[in-house]
Every structure is written in C-alpha cells, then in structure tokens.
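Q: Please model the entire structure based on the sequences and the hints provided.
The residues making up each chain are set out below.
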Amino acid sequence: MRYLPLTPSDREQMLAKVGVASIEDLFLDVPEIARLDGPIHDLPFAQGELAVERHMQRLSNASVAAGSVPFFCGAGAYRHAVPASVDHLIQRSEFLTTYTPYQPEMAQGTVQTLFEFQSQVAGLLACDVANASMYDGSTACAEAVVMAARVTKRTKVVFSGGLHPHYRRAARTLAKHSGLEIAGLPIAIQDEAAVLAAVDQNTACVVVQCPNVFGTLTDFTELAKAVQAKGALLIAVFTEAVAFGLITPPGEMGADIVAGEGQSIGNALNFGGPYVGLFATKDKYVRQMPGRLAGETVDADGTRGFVLTLSTREQHIRRDKATSNICTNSGLCALAFTIHMTLLGDKGLKHLAQLNHEAACETADAVSSIEGVELLSDSFFNEFAVRLPVNAAKAVEAMAAQNVLGGVPYSRLRQEAGFENVLLIAATETTTAEDIACLADTLKKVI
Amino acid sequence: MSRRHAEEGDLVMAMNNVGRPTAAIANNGAAPTTFSGARGLLQPTSLIFETGSIDRTGVDLPPVKGVKTRLGGLARKSSTGNPGLSEPEAVRHYVRLSQRNYAIDLGMFPLGSCTMKHNARLNEKMARLPGFADVHPLQPVSTVQGALGVMDQLSHWLITLTGMKAVALSPKAGAHGELCGMLAIRAALDAQGQTHRRRVLVPESAHGTNPATAVQCGFIVDEIKAAPDGRVDLSDLKTKLGEDVAGIMLTNPNTCGLFERDIREIADLIHAAGGYFYCDGANFNAIAGRVRPGDLGVDAMHINLHKTFSTPHGGGGPGSGPTVLSDALAPFAPVPYVVTRADGSLDLVEHEADSDGEPFGRMVAFHGQMGMYTRALTYMLSHGADGIKQASEDAVLNANYVQACLKEHMSPAFDGVCMHEALFDDSWLEGTGVTTLDFAKAMIDEGYHPMTMYFPLVVHGAMLIEPTESESKASLDAFIASMTGLAKAAKAGDTTRFTGAPYHAPVKRLDETRAARKPVLKWAPPVEASKIAAE
Ligand SMILES: Cc1ncc(COP(=O)(O)O)c(C=O)c1O
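Line by line, the protein sequences are chains B and W.
For what it's worth, my numbering labels the leading residue of the first sequence as 360, then goes sequentially.
For what it's worth, my numbering labels the leading residue of the second sequence as 2, then goes sequentially.
Simulated from the structure, these hints should not be mistaken for lab results.
A virtual CB, placed ideally from N, CA and C, is assigned to each residue, including glycine.
Please note that a few of the clues may not be correct.
Claimed, not checked - DMTMM-like cross-link-like pairs, simulated, lysine to aspartate or glutamate; straight-line CA separation at most 20 Å:
1) LYS474/W x ASP369/B
2) LYS706/B x GLU51/W
3) LYS408/W x ASP230/W
4) LYS512/B x ASP559/B
5) LYS753/B x GLU730/B
6) LYS519/W x GLU730/B
What the hints assert, rightly or not - Derived CB-CB ranges, DEER-like:
7) ARG515/W x GLU383/B: 49 to 55 Å
8) ALA32/W x HIS447/B: 29 to 35 Å
9) GLU431/W x GLN372/B: 51 to 57 Å
10) GLU581/B x ARG342/W: 48 to 54 Å
11) GLY486/W x THR514/B: 53 to 59 Å
12) ARG773/B x GLY194/W: 28 to 34 Å
13) ILE55/W x SER728/B: 48 to 54 Å
14) ALA273/W x GLU775/B: 40 to 46 Å
15) LYS239/W x SER452/B: 48 to 54 Å
16) GLU775/B x ARG265/W: 43 to 49 Å
17) GLY397/B x ASP416/W: 28 to 34 Å
18) GLY358/W x GLU581/B: 42 to 48 Å
19) SER87/W x GLN587/B: 40 to 46 Å
20) SER452/B x ASP153/W: 30 to 36 Å
Stated by the list, open to error - To list a few chain W residues with every Cβ distance to chain B over 10 Å, as calculated:
21) ALA24
22) LYS166
23) GLY275
24) SER412
25) PRO527
A: What follows is the structure, encoded as structure tokens:
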C-alpha cells in the first residue's frame, strides 16, 4: 500500500516495544461481539493510481461540464474565469496540508492571509469587520439570524420573499430550534413594504437579499433605518460577490450584518461545494460574531505578527455558551478568494463586474426579444428572471437535450404555485456572443 | 587549466570556487541583522495593502463595451480599498507567506484529534476533473450523473464501513455533522411527542463543538464525569438518566485516545431510558475497517472526511461531515439526498415535500462538499477495504509506540494501551518552571508542529499526540528522540529553552493577550491606525 510506510518487520519491532504479541492486543477494549475478523465484505481491495484514475475519469465523463456547452446557470453559484496562479498557489503544500493556525508562530502564512481576507471582505462589503469565513453563504445567513437574536434578545425573524429559497430553508432549520419564530413572506420580486410591516416589538431581524434571487437590485437604505428604528437588525444577504465591484455594497446601505457567498471569486463550481461564506458586521457586534477572527499583534521582539483572536466567543473555549459550534471553516477557499481578489484589485474587480453586467444585459435583450418571454427584473447585475410561456423546468430539460445549459428554473429551488414558468438566467465574463445566440435560438425552439 | 588545479588540490575545483576559501573564515556566533529584513531563505513579507496599489491589476480582461447599465440607480461610487498586484508580485507574495507555514508535507504534525495524515496528490488531481469541479449544482440531473455517482458510491462506502442504515452527505464539516445528527434526534423525539426530552448528556472530555451543537439544537447540556480510567463514569451516567433525556453525545474512541469499553452498555442504557446515541466520529480513523459503529448501538455519527479520509485541512478547512444514521433516525435525514430510480439512473430529492421520509429540513444550499467527496472516494478506492483496515491498525500501533517510548520521560495520563492517540498530562513537568505551552513552543524549534495542548480538559496540562499511520518508524524514532531530549532538558532546569521559545520560527512568541485586548481585525491606513490608537 503506497501510502503506508511501516514494513512488516517495523510492525514486529514496534509491537515488541509496546509489549504486546499482536495488533489484536491493542483492540481488546472493543466488545468481542463488535470485532470484525477481516476486511469488510462488499468493498473492493486496494488499487494502484492507474486503476483509481480510470474509475474516477469514467465518472467524470458521465457529467456535462459547464465549460463544454453554452452555460447560463447561477442561482447562488457562478462560473467565472479563475487565474491559473490561484489554483497553483493554493496547492502549495504549506497552504494545502496545514491545519487551522492553532500555533501561530508556525502558521504566519495562514493567519496573515486570513487577515488580508478579512480586510478585503470588509472593503468589498463596506463593513467594519469580517470574519475568517463560514462554510458557505447559506450557513452564513443562518448564523446571521441566530446572531441577531442574541444581539437583540428578541425571537422573531422576517424573511423577505426575494431571499434565495435554499438560504431561507437553511436559516429556518437552524433558527427554529433556537426557539425562534419565523415569518416568511410570500415569494416576491420586491417586498420592502411588506418586510417593514412584518416587523414588531419582538422582531430580531429582517433578512433581505441584493441582488435578490430574481436578480433584482433594491436600495435598502431606508428600510434599514426603519427596521433599526424598531429595534431590529437588517441582515443583507448576497450570493454573487462580484456584484459589489459595480453595485452599492450592503454596508453602505446600513446593513447590520452581511452574509453571503464568496464562491464566485477564486473558487470553482464544484457541484455546490466547497464554497466560502462571507460574514461581516458592525464593530459594536464583533463579540457576538460566529467563527474565527485573525488579528494583528506583535511577537516577543516587537515584530508584527498575526494570531487567531477573540476566541472566547468560540466553542473550544466557551463550549455550550459559544456563539456558534463552527470549528473547521473554509480556510483554503478563503485563500483562493484572497489571491484572486489580490490579482484583481479594486480596478480589476470593477472591470470584471462591468463585463458581467454587460454580458447579462446582452443576454436579457436576446432572451426577452423572444415572443412570449417576459423579463421580470428591471434592474439586475449578472442574473435576471424571465417568465416563459411554458414550464421552465421542462424548457431547461429540453435545452439540455440540445447541449445548452440554459439557466435554473425557479421551481428547482422552491415549488411554488405561480412560479413554475420562471427561469433564472445568469451570464458572466465567460459568456460569449455565440453562447448568447445559441441560448436564444434553443430557447425559441423549445417554447 | 582547471584540470591542473584539480590535480594539485585534494578538492575538485569548479569554475565558481576557484581560488576562494571553501569554509567560513570567521564566525563569531552572533548573526548580524540584515539590511533587507530577510534571514537568508526566509524572505521579508508585507501586507498587500502596503505593497499593492489601487490601480494595479494582475488580470487582463477584454475591454468593456459601454453597454447602458441597468443597475436601478445602485451603481457603486466608493472604492473597495482593495489593492491589486501584478501576477509576479502576487505569486511572490503568497509563496513567501507560504514559507512561514508548517505543513504535513514538511514533517510530522502530531496534532491530536485533528488527524494530520498524508494528503495524496492523486486525490487533488481527481477532484479537479471537469465532470466534478466544473459542474453547477443546479444543472438538470440528467447532466450530472457522474457527480451523483460519486455521491452514491461514497455513500455506499460510508454505510458499509459503519454498518449503518443511511448517510446524510450535506453537512459541511464535523460540527455541522453533529448538528445534523442532533437535529435528526430532535426530529425523532418530536415525532414521538417526546418534546419534553431536552437534556443531552455530554462527557466532560468532549470536544467543544459537542456542547455548542447541543445548545444550537435547543437542548440543554448535562456533563457526565470521567472515571479514573479516562472513560465515561458509568455510575454518574446512570444517575443522570431520566424522563427528560434526549440522548448522549459520546466520542469513540474518546478524546483521551481510549476506546469506551462499556459502549454497548452505554448504548443500551440510553436506549432503555428513551434517548438516542450520538457518536462523535472524529476519531473513526482509529477503528475504520475493524469496528462498525452500527454494531455498537450508535444512532448517528458524523465522519470528518478531512480527518479519516484524508481530504486536506487547507489551513482550516474546507471539511466535510457526512453523518451516518441508524434505522430509527434515517427517515429524518435532511434534504437533499441521492436516490436510484427504477431505470438505474440517479436522482436528487431536493424538496421536503418530495421525500418518502420526514426530513428535518435543509442544512445548506446545494448538496454539500463535492470537492471533498471526490477526494475521499479516491482515498477509499486507493486503500480498499484491506488498506483502510491496515491504516487504522498502523495509526494505533504508531500511537502506542510513541507512548511506550515516551512514558519513561513523560507521564501518560492513563495506564495501558491507547488507540490512535497518546495522551500525557503535565505532572512530569511539576517543579520545572516549564508549562505545557512552553514545551509546545520548544517543539516548534525542533521542527515539529506541537501536539494538541490543554485538550481534553479532563487531563491537567494535556498533551495529545496523534502520529497517524503516515509516519514511518524512522520518522517516529526521530520525533521520540527530540521529545526525549526536550523532556530531559526541562527536568535538567534548562528553562529558558522553553520559556523563550520559539527561537527559530519566523516570529518569536506572539502576544495573544494584546491581540484580544485591542483587536485589530483588518488593515487600516497608518494615519487611521494612529487615530484609533489615540482614541
Ligand atoms: C473530537 C472532535 N469532534 C468534533 C470536531 C469538529 O469537527 P470540525 O472541525 O470538522 O467541525 C473535532 C475537530 O476539530 C474533533 O476533534
């Protein structure tokens, strides 16, 4: 076995040193009835690299890669061009094969990049402080909700109808067992008035999204003030981080907590994970934040260095009083985010965002000029919703049969009467003019 | 000409050392401070905010066309403040930073409970195949049969290795898997109308995520004591059972590196009392292929793919925490999950309404950590049932060998053999003026990542050593020699070796108290920083 260095004679010598006759003697605490007498049946034996690679390659071939066809899926995961150096750098042994930086003196590489990550995220979202990552956008959203309840000591949560349905479900799953009462508003493309109306004296937070799941952009500045005047927090969610190269960031709208998905910077689609949750808030709430935080300090010589800090919020210190149970988070995905962001810089990010928006505008024009297709989003970043004259899931299937991945039917996220014909279409800098023409052609044929 | 030189001297001279001395002439011991701030191969580093600039970029993009925007008046006017670097600058910046990290690829990383085993590069290569890495989670299922195949095969391995009924793949790490298992327990209790069962028993030795998770599920935590042998105190457990008990969260092998001998009895007691048995499976790597948790009476257990199945830790994730479930809990598994249709094709159940069971909800957007599934499946196929068993045995043997060799110099926390971790307390350091922390920092100077320290909490000044099966005997012997040397030095009163450590790391000991007292959590321009300090 290529991964196991001990030889049979090593094992013999070591057993002798331990003072036992055989390996079985080290497993005597296992109840006899649960001891297996040989390798588990029903599973194959060890194989060399070649055989394993062949097996995995066959599986890989059985999927249609996004890059091999005209591709327009978004709804929380976006296909962007990631510079080659990003994947190269994150595969450096010293980043890839190290642990959470519990011993900062031998992990300055990791802790400093986390510090840079936090700084970049705070800048991107225009927030005071960001943490060192959550699992993904949806779990970041869930944690934001329970954090708001801790901050306000209130128990009601209002979800906007424009929130990504998966985020809503994930937040609900976590929140309901913390004794929170959920007020989920009807699915809607815009509903600030309803959101505000749902806020009462016991409301801990409202959760809104911009761009929302239909792609629509909404200024939450006034809503934030009104919600805060009632003693509740405004949580702003997003699923496409590149958007803030072009649109007003949630911090500038006055959001109290910002939670979203960072996948689209530095990270591949990966069929849904691993991704990287971004989590930011105001300084005054920092001690209620979940997750790890990197901070600056000095060493014994006064030289600048970085450590994990404010850990009295965390499970390993506070146990049942911790702000969250999160431990392992998304370190390497955060690193990919940071490297990609460093390559882009403010200038490159704005340029990239502009290209995304233009691709989406062109796609929207091409699609909405088709007879019977109605554009539902009058403002958007790189994704918009259309209503088809037919069932959107069936149209997507029919397009897939013609090798076009034409978007995400809203019903894939949530089965809701009246939304069966709604299709979400995303375009990025990877979308070509030919892709757009092909989408329009194919969509025309299938509806 | 060079030939004549070679004949004249004993050394074969090459072009670049002809006429030069080949040994240092003078070295007075003290290294001068360099003008560059570098220390030889160790290059100076700065923050991107200090070297980058706002108008520089390392990505070439096609020109924008000037299409009329549709941003609804929400165009961003502010700068993100994030500087850019050209590609050569960025590569150098991150390579330099990387060289300030220790890693399993450099040497032994005996961080107990964390299972730092070798990360095979084949796994990395497979995870990047386009049929896994470049597929969108919401593509039509007909276009992702290969990706679903990975999930299906991984599920088969996990269910078979654990002897359980079902597995929920979507949890994103160990703690998230705990949440999955405990929410399934809560859903099962609620379904039986047992809504008064809200107390969860958690041994004092448990990992911090266990009590934190229980609370997130709306349970209250009741600690159970450890017996003198490092295992659950059965009599304490018995007194804590009752009508309001929802279950127990027990780590096995436990965080002291010991197998809970009475585990079947504990399972029976909990079940008889009407509760469920959650097993923290972070230490499954000690028993995988030798013991099936399903045979021990477990109802739910998370598996850290980033420990047992070697998906890389990446400096703090990503992880993956699939959670296996018993017959009793399987119906409550969260969405989404993979099913096989009558025609043999694979499908996803993504909506609670489409499920045959009673899912407790959804834990995440999408389907979990695909990138970790491919790596773990590659690990499993490479090792096979035989290799997985051998890996567990070697992990246990390596830990016992370390314990046997070090017990003459350090004090094992408990008598007898251990599983995959050797645990020592700090009683052997008494009177030396050296603490567990100091000892750990001195290990950094020896070129080792320290063991886990001060965990588990039930052992004073705990030092938890997990060598894993990836270490050769020669590597263990070198580690043991270093540890023995340090132990002797501590006892001999060579205190400054420890209290001033590390001496040879890129930075000296870092002031964590200061970091927490005056948190600086992001970069600020120097003027602003001085203003903050003045406030
Ligand atoms: C015993 C134990 N339980 C749970 C966890 C949590 O796992 P994760 O860090 O993947 O969330 C860990 C790892 O840190 C652990 O060692």
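Q: Do ARG773/B and GLY194/W keep their Cβ atoms within the hinted range of 28 to 34 Å?
A: Roughly 30 Å apart at Cβ, these two residues keep to the hinted range, so it holds.
Q: Should the label of GLY275/W as a non-interface residue stand, given a Cβ cut-off of 10 Å to chain B?
A: The assertion about GLY275/W holds, with a minimum of 19 Å to chain B.
Q: May I ask you to test the hint 51 to 57 Å on the CB atoms belonging to GLU431/W and GLN372/B?
A: With a Cβ separation near 33 Å, GLU431/W and GLN372/B fall outside 51 to 57 Å, so the hint is violated.
Q: Please verify whether LYS753/B and GLU730/B have alpha carbons no more than 20 Å apart.
A: 18 Å, holds
Q: Does the hinted range 49 to 55 Å hold for ARG515/W and GLU383/B at CB?
A: 52 Å, holds
Q: Between ILE55/W and SER728/B, does the C-beta distance stay in 48 to 54 Å?
A: For ILE55/W and SER728/B the Cβ distance comes to about 39 Å; the hint is violated.
Q: Would you say PRO527/W is clear of chain B, with no C-beta pair closer than or equal to 10 Å?
A: 12 Å, holds
Q: Using the C-beta atoms of SER452/B and ASP153/W, is the stated range 30 to 36 Å upheld?
A: 32 Å, holds
Q: For GLU581/B and ARG342/W, compare the CB-CB distance with the range 48 to 54 Å and indicate the outcome.
A: 50 Å, holds
Q: Is LYS166/W truly not at the interface, in the sense that its beta carbon sits beyond 10 Å from all beta carbons of chain B?
A: 15 Å, holds
Q: Given the hinted pair LYS408/W and ASP230/W, is their alpha-carbon gap at most 20 Å?
A: 17 Å, holds
Q: May I ask you to test the hint 42 to 48 Å on the CB atoms belonging to GLY358/W and GLU581/B?
A: Once the Cβ atoms are compared, 44 Å apart, the range 42 to 48 Å for GLU581/B and GLY358/W holds.
Hint compliance for this structure: hints 6, 9 and 13 are not met, and every other hint is.
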